[in-house]
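Protein chains in written order, with our numbering: chain A, 1257 to 2053; chain B, 473 to 675.
Check each hint, because a few of them may be wrong.
[Claimed, not checked] Here are the simulated distance ranges between beta carbons:
hint, chain 1, residue 1, chain 2, residue 2, range
1, A, S1982, B, G541, 48 to 56 angstroms
2, A, W1303, B, L533, 20 to 28 angstroms
3, A, D1481, B, Q514, 37 to 45 angstroms
4, A, L1721, B, R670, 27 to 35 angstroms
5, B, L533, A, S1324, 32 to 40 angstroms
6, A, N1980, B, P483, 39 to 47 angstroms
7, B, G669, A, T1996, 18 to 26 angstroms
[Claimed, not checked] From chain A, some residues computed to sit far from chain B (all C-beta separations above 12 angstroms):
hint, residue
8, E1383
9, R1680
10, K1695
11, A1843
12, L1888
13, N1906
[As the list claims (entries may be wrong)] Okay, derived cross-link-like pairs now, SDA-like style, lysine to any residue, Cα gap no bigger than 20 angstroms in a straight line:
hint, chain 1, residue 1, chain 2, residue 2
14, B, K555, A, L1290
15, A, K1366, A, R1420
16, B, K555, A, E1295
Treat the hints as calculated values from the structure; they're not laboratory data.
The beta-carbon is built from N, C-alpha and C at its ideal position, and this holds for glycine as well.
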Amino acid sequence: MAKRTPAGTPTDVTQGSRTKGGIGESTLRPDGTLKVTGEFAYSSDMWHEDMLWGHTLRSTVAHAEIRSIDTAEALATPGVHAILTYDDLPTEVKRYGLEFQDTPVLAHGKVRHHGEPVAIVAADHPETARRAAAKIRVDYADLPVVTDEASATAEGAPLVHENRDDHHAGHVPHPNIVHRQPIVRGDAAEAAKRADVIVSGEYVFGMQDQAFLGPESGLAVPGEDGGVDLYVATQWLHSDLRQIAPVLGLPEDKVRMTLSGVGGAFGGREDLSMQIHACLLALRTGKPVKIVYNRFESFFGHVHRHPAKLWYEHGATKDGKLTHLKCRIVLDGGAYASASPAVVGNASSLSVGPYVVEDVDIEALALYTNNPPCGAMRGFGAVQACFAYEAQMDKLAAKLGLDPVEFRRLNAMEQGTLLPTGQRVDSPAPVAELLRRVKARPLPPEQQWLTAGEAADVRALPGGLSNTTHGEGVVRGVGYAVGIKNVGFSEGFDDYSTARVRMEVVGGEPVATVHTAMAEVGQGGVTVHAQIARTELGVAQVTIQPADTRVGSAGSTSASRQTYVTGGAVKNTCEHVRERVLEIGRAKFGTYHPAWATAELLLESGKVVTDGGEVLADLADVLEGESVDLELEWRHRPTQAFDLRTGQGNGHVQYSFAAHRAVVEVDTELGLVKVIELAVAQDVGKALNPLSVLGQIQGGTTQGLGVAVMEEIIVDPKTAKVRNPSFTDYLIPTILDTPTIPVDVLELADENAPYGLRGIGEAPTLSSTPAVLAAIRDATGLELNRTPVRPEHLTGT
Amino acid sequence: MRVNFTVNGRPQEADDVWEGESLLYVLRERMGLPGSKNACEQGECGSCTVRLDGVPVCACLVAAGQVEGRDVVTVEGLADYAKHRADAHPGDGCASGTCGTTIQQAQRWQAKSVKGTDSQTGEGDQLSAIQEAFIDAGAVQCGFCTPGLLVTADEMLERNPSPSDADIREALSGNLCRCTGYEKILDAVRLAAARQGRQEEAV
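Please construct the entire structure, taking both the sequences and the accompanying hints into account.
Set out below in structure tokens:
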């Protein structure tokens, strides 16, 4: 079959640096060795003597009244220590939520979606807990389900939540609409008259799952003071704490949270899962309780990416300039609000994409339905919009007879462009340049099955080892896309972080200790924090303390914000620590050298030096027995809420841009797609750790590929039940599905941000999906207005 | 029931094992070896890959009772397993067809506790070539897929010391990773293969 090509040599491989470097170096992860030896303690690895196992009984129906719950037989199971239902909750606070407190800790009177928690069990073996839960008898009386905009807003539609009292309840047009955000600027109807061509389309985006590999899990240990210690995998410890403590009836200082090893997140750990349940069982039984979801339960245990329907109309003049945009984006938020309001804000404010369009009429809204709750996932509202506007760009270019990349470049936003919200883009926006770069890259060879001779490999063809084609019926397509993502929490949110930094001398060496509550979920924030401390404090040895709630909030590991915001906080605290160290130095040695008073002083390689490089003192001598220890909050510049009627406002902090070129080969007879290459160009502002930057871009790209060709949670439209909650039926890309991902990194500094950096984690997830769709359209000539694309969409069968 | 088997070269005995328990559960919850990961528990993700008498298997799909009298290697024992293999076949890739470790050989070695002096670079640790390469190439992000990938990749390199990219993709296709997009994992395996090749040339 295949002739062996020689294995790559180390010169082909980008390697990290073993030096203890500062920013800009590909310093290796501080947790790397623990992770390759199996010793890194993830939340599901926690163990405690005398520990019990918790299990959650979940609803088997989507919308029903609960007539009764009978736990008697389950309680009698040997090994069972406790079973709790709504009636056992300890305080008046029985709901929680990220933005609205609309989510019951345990179902009260009714369930609103398939898989809603109804009861929790603690037992001495996980299987005992599972079997006991199966013996709980819940009498459900089915209620009609609402599953889409038509059923949710029909006259007499059942209300998913009655008596809403949240802050959006007053302005939404229907109680089954969580939040609605219009954006009106210029006059789209008038501008449409100038258009030589108008294209419109209705686009559908499927429900994607974060599918992080480490399932929801944690260990709650009851404390002697009546409090609880919780070890858990999350994205934001302090947000969890704020939601957990009131439900337990405890002050926040009695709920002590420590971050355990996190097996990926991608937005799926922004909402609570097992946290409150484990604490309740631990406090009830007086014993440590561990809860670990299996994969099936994990599909019910976290929110998903909002599926969306998007109606778009664009116009353009015959010389290729966009005239206007009208769009309407309907996101399905499912049964509970989660992050839906913020997702609506992103979808509306970024609905135009990275293009100049002065006249817009935009509306985005999220529904309450009886479908699974949807909330945060990498790309957060901007992903769905990008899928639609990029399809529109290709349609417009085709109608005008223009090259799709040239058409995009003609309309590309740049520094100074006004967004539809009226906000000016005040840092580099190299949209045209990113497109130019992906287009300029040489294309991979065509029809390797004909040209490669003996090296031709069936594994590189659609269908792969299934050996379904040797090239017959296979056609090539190439597609392009570009996107814009906001960085950080928007719309006036107080998006701060906190860092504590201590500097002291240990064993004659100056060392720094960095303590934040930042959730390291795999992105490499811990690596970057150590690099920042080395750069700012001139030390080699930096210890990163475990993240916990003994230090102030770091905000969420989401919105591409942690390197910017907690990285910024670490930098800021280090700068203040450095000033204190220099004050100590001045007091001790200032009289010996005038430069102490007059020169700009830096800390480098364990020494105080002038900006001219003259050494004034060893840090070891400056600090001796003293230590400097500071904990400070840090904020990026403030943002504003969007006007509820016009959508105007300086809502965003920063933007992130990436462009993709996808090359696909499609077996048109079987409808099988092989993505051959997915090239990326992204502006990262400043790569603090280049190796980690590549990892983020390639990982984000692959999640975009997944929702282009395979990933979708299928919800039965009649029953609102999830049909495929497993990795057997919900497919994510394997290494065989994932192509080569060459990356071109630009570093155009944003002068508002620490070191000029740009948040990078999400942008590559946006444009990856529409680029793959564009390539499949190019190969097949089909319109393909929904993602993911399935074989039957290509074969028409 | 009681199950007797060898884990990372050490004879082990697990008592009070319920018949429905998987090898993965026994390793993680009864042996204190949580390195093998529980990402799907249905044989789809490869995160719990261990070697059972030398063959990579999903530990979640192996009933505990099936391992009676057999030999298991987990990620915790991988470094010593690789070292033992190198000692047993110095400089001898797999060209002679004598690669791999017999059960008899496997039972004569014991994994040492791997305690690093430097968790960032692994210096001072006895890591296997594939473990070193995963660190150096940036193949580890959240790390949850890493143990299974390491066991799988190490076994592939044992069989096939100079794999093509297509070989690597095929061998690792049963191991899901959600963070990296696999590019750095490919790099890591290429790197381990190349370093291994260089070592053999030197011998």
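Hint by hint, here is what the structure shows:
At about 33 angstroms, the beta-carbon gap between S1982 (chain A) and G541 (chain B) misses the expected band of 48 to 56 angstroms. Roughly 23 angstroms separates the CB atoms of W1303 (chain A) and L533 (chain B), a value that falls within the hinted 20 to 28 angstroms. Between D1481 (chain A) and Q514 (chain B) the C-beta distance comes to about 41 angstroms, which sits within the given range of 37 to 45 angstroms. Checked against the hint of 27 to 35 angstroms, the C-beta distance between L1721 (chain A) and R670 (chain B) comes to roughly 31 angstroms, which is consistent with it.
In this structure the hint that L533 (chain B) and S1324 (chain A) lie 32 to 40 angstroms apart at CB holds, the actual value being about 39 angstroms. Separated by about 43 angstroms at the C-beta atoms, N1980 (chain A) and P483 (chain B) satisfy the suggested range of 39 to 47 angstroms. Checked against the hint of 18 to 26 angstroms, the C-beta distance between G669 (chain B) and T1996 (chain A) comes to roughly 22 angstroms, which is consistent with it. For E1383 (chain A), the requirement that its beta carbon stay farther than 12 angstroms from each beta carbon of chain B is not met, with the minimum near 6 angstroms.
Every C-beta of chain B lies more than 12 angstroms from that of R1680 (chain A), the closest at about 34 angstroms, which supports listing it as non-interface. Non-interface status of K1695 (chain A) relative to chain B is upheld: no Cβ of that chain comes within 12 angstroms, the nearest being about 21 angstroms off. The beta carbon of A1843 (chain A) is kept farther than 12 angstroms from every beta carbon of chain B, the shortest such distance being approximately 35 angstroms. For L1888 (chain A), the condition that its CB be more than 12 angstroms from all CB atoms of chain B holds, with the nearest at approximately 26 angstroms.
Taking the minimum C-beta to C-beta distance to chain B, about 33 angstroms, the non-interface status of N1906 (chain A) holds against the 12 angstroms cut. About 19 angstroms separates the Cα atoms of K555 (chain B) and L1290 (chain A), which keeps this hinted pair within 20 angstroms; it holds. Under the criterion of a C-alpha separation no larger than 20 angstroms, the hint pairing K1366 (chain A) with R1420 (chain A) is consistent with the structure, at around 16 angstroms. Among the hinted pairs, K555 (chain B) with E1295 (chain A) is consistent with the structure: their alpha-carbon atoms are about 19 angstroms apart, no more than 20 angstroms.
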